[in-house]
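**Q** Letter by letter, the chains look like this.
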Amino acid sequence: GESVGLHLPTLSVQEGDNSIINCAYSNSASDYFIWYKQESGKGPQFIIDIRSNMDKRQGQRVTVLLNKTVKHLSLQIAATQPGDSAVYFCAENTDTGFQKLVFGTGTRLLVSP
Amino acid sequence: KAGVTQTPRYLIKTRGQQVTLSCSPISGHRSVSWYQQTPGQGLQFLFEYFSETQRNKGNFPGRFSGRQFSNSRSEMNVSTLELGDSALYLCASSTQTGNTEAFFGQGTRLTVV
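From first to last, the protein sequence lines are chains U and D. Take the first sequence: its letters are residues 4 to 116, numbered as in our numbering. Take the second sequence: its letters are residues 138 to 250, numbered as in our numbering.
Calculated directly from the structure, the hints in this document are not laboratory data. Incorrect hints may have been included.
[What the hints assert, rightly or not] Here are some of the chain U residues that sit facing chain D, going by a computed Cβ distance under 10 Å: (1) GLN41; (2) GLY62; (3) PHE106; (4) GLY107; (5) THR110.
Computed from a predicted structure; not experimentally measured. All residues carry an ideal CB built from backbone N, CA and C; glycine is no exception.
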């Protein structure tokens, strides 16, 4: 997959560990956020979303936390597996009346067996 | 239910030519957005179409255009191709515009030589 290559932060974990991927978003008026996973050669895959009226949302093995005060999102992956290895992007919808996602630079997650 | 389908998957064009890319959204989805992904700039919003109307446009030159048909399928066109247009072009579909889940296709890899 594509990403901001040279400056892409990388998180390396062992299989079974919990992973936390962080993201700072840009627009304090944004009220909808999505996390995507992108594997090499594929398009971004929807993981989980959260609206600004929530602080936390849980999915299967994933939790998203939203801190509007400091404009920060995090994605927690429980019991990380080698199949979780990918680039993860956060995205904010900056214009409520439209579908216009602004993406972060991405974080590469490497999971070792 | 079939996902978002983009065709072709790969394309090689010469500078100065034009190109048309196609996107078939998930059945029932009425919003289609287009994004450009490059290693240097990451994922950037091009435009969104909803009910055959362009709702929003990103910061790209007029050489980039698109349209949406009554069946919600969308095409984007790039005229007078430049080397810098080489990228992965992604489309995303949503049930409606605004703050809703957006699902991406696999993308079209365009190489301009």
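**Q** Evaluate each hint against the coordinates.
**A** Going down the list of hints, with the structure as the test:
1. GLN41: This hint holds: GLN41(U) lies near chain D, its Cβ roughly 9 Å from the closest one there, short of 10 Å.
2. GLY62: With Cβ-Cβ at 12 Å, over 10 Å, it is violated.
3. PHE106: Cβ of PHE106(U) sits 4 Å from chain D, so the hint holds.
4. GLY107: OK, holds: GLY107(U) within 10 Å of chain D, min 8 Å.
5. THR110: violated, 12 Å
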